[in-house]
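Chemist: Take a look at the letters that make up each chain.
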Amino acid sequence: MAVKISMQVNGKAVAAEVEDRTLLVTFIREHLRLTGTHVGCDTAQCGACTVDMDGRAVKACALLAMQAEGASITTIEGVAKPDGTLHPMQAAFKENHGLQCGFCTPGMVMNAIDFARSHPNPSEQEIREALEGNLCRCTGYHNIVKSIAAGAKAMAAGK
Amino acid sequence: MHAFKYHRAASLSEAATLAGKGEAKLLAGGQSLVQAMKLRLASPSDLVDLGTLKELQGIKSDGRTVTVGAMTRHAEVERSAEVKKAIPALAALAGMIGDRQVRAMGTCGGSIANSDPAADYPAAVLALNATITTNKGRYEADKFFTGLYETALKPGEIITSVSFQVPKRAAYMKFKNPASRFAIVGVFVADFGGSVRVAVTGAGPCVFRQADMEKALAAKFAPESAAGVKQKKEGLNTDLHASAEYRAHLVSVMAKRAVEAALK
Ligand SMILES: Cc1cc2nc3c(=O)[nH]c(=O)nc-3n(C[C@H](O)[C@H](O)[C@H](O)COP(=O)(O)OP(=O)(O)OC[C@H]3O[C@@H](n4cnc5c(N)ncnc54)[C@H](O)[C@@H]3O)c2cc1C
Ligand code: FES
Ligand code: FES
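These protein sequences, in sequence, are chains A and B. Be aware that the first sequence starts at 1, since it is given in the numbering used here, and climbs by one per residue. Be aware that the second sequence starts at 1, since it is given in the numbering used here, and climbs by one per residue.
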């Protein structure tokens, strides 16, 4: 069974025919070949698949692609400037050693960007609560928290 | 995941017609159902997506009740100025569900229809004596939750909104499973001035009211009234997270803390 699907991904209109049961993360990785969005658990626990859908961070493994029909999606590939300048949150992760193997990082960054929009100057406690849905198997949480604090400030300062 | 046919409902009546077909199921946020389908615990023939039905979204408050549309996301209830003003405990409960990505998609109607034994919303529905409105009629909270993952809803029946009664004071306390954030035990205490309702989730196969605690708290709304009532362990859940005995103990502890919080 196939359905027609269309949405905006990283500012570009995309359309395809997919099986009804296609997950959003499968559509992003396998149809669009945007493999920056990772699959860690495939059970809605780890947050590695986090993308932005119409201004909210969501877990792309926990949604059907059809639930994003007509939506505007941003993945990790869409956050840096076209000239390659990193998004302030990405830059903050780099500067604060917020990643080790990097597997969880795209999901961390996508969730952090959404969180920082409503929390320009978050406390450590607020950041840790915001990360409840993101797991890091390298367990580098201290530096992830530092990165998000710095990234949120940089975003608020419009850097 | 087994194959199925996806439908996007254009209206409530179309959704009802589609949901009446074969082994069709309604899709709200997908935060429980999509996971269950991946595990093949659910294999519907058709999925009817309620996501675009505006009439199922939004929050209304008239001073006596707060009405939450079935498709209202947990994040909206958590942040709603109206809910925070009328029933702060309900906004706080929504903010304790899962994580922020789950709260961005998960819905009030989906959570209640699912009747997960460890879900948070059912405790608010029962303690705040809510009325569940569907496309076919209304249910009182006390008649809605019928068992493990079971409710009084008929196949294909669609929850449209849930109206919570505004209490004099209330609070929800949850002892979280640290991995999933679901309730190992959650207790919602609501004082309506004269009558008190106490709902317990996570402890048994289905959310339930603690009648002895309600009586003790109606006589004296104080933490020690709740702490003084011992929950029986018979009929409670035992699993890898906690024994029935431990859960029974947690019921009194969470109830006491909820009363403390309600009095603040
Ligand atoms: C990682 C994770 C952590 C979570 N932690 C918690 C937690 O701490 N506490 C908690 O309470 N929950 C938790 N949840 C569950 C979450 O709250 C879900 O949002 C909720 O269970 C319902 O999901 P949904 O709204 O997406 O509905 P769906 O998954 O789309 O549907 C759930 C069920 O309800 C039915 N349904 C949906 N809408 C209606 C309607 N309007 N009328 C009739 N039937 C309907 C569907 O057919 C389906 O059977 C968690 C989920 C995840 C993935
Ligand atoms: S892959 Fe989606 S939450 Fe882990
Ligand atoms: S950096 Fe390796 S999983 Fe987080």
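It is worth saying that the hints were derived from the structure and are not from the lab. Don't be surprised by glycine CBs; every beta carbon is placed ideally from N, CA and C. It is possible that some hints are incorrect.
[Said to hold, decoys possible] Quick list of the computed label-pair ranges, beta carbon to beta carbon:
id	chain 1	residue 1	chain 2	residue 2	range
1	B	Thr52	A	Gly11	18 to 28 Å
2	B	Leu148	A	His142	36 to 46 Å
3	B	Ala3	A	Lys94	51 to 61 Å
4	A	Gln125	B	Gly63	31 to 41 Å
5	B	Glu150	A	Ala2	52 to 62 Å
6	B	Thr17	A	Met1	11 to 21 Å
7	A	Gln8	B	Lys215	37 to 47 Å
8	B	Leu148	A	Ala2	51 to 61 Å
9	A	Ala15	B	Glu150	33 to 43 Å
10	A	Gln8	B	Gly20	28 to 38 Å
11	A	Thr35	B	Lys168	51 to 61 Å
12	B	Glu150	A	Thr43	16 to 26 Å
13	B	Glu234	A	Glu17	49 to 59 Å
14	B	Ala219	A	Ala156	30 to 40 Å
[To be verified] Derived pair list, reagent style DSS-like, types lysine-lysine, alpha-carbon separation capped at 30 Å:
id	chain 1	residue 1	chain 2	residue 2
15	B	Lys54	A	Lys4
16	B	Lys21	A	Lys146
17	B	Lys176	B	Lys85
18	B	Lys84	A	Lys153
19	B	Lys21	A	Lys4
20	B	Lys176	A	Lys12
21	A	Lys4	B	Lys38
Chemist: Under the constraints set out in the numbered hints, which ones does this structure not fulfil?
Modeler: 3, 5, 7, 8, 14, 16, 20
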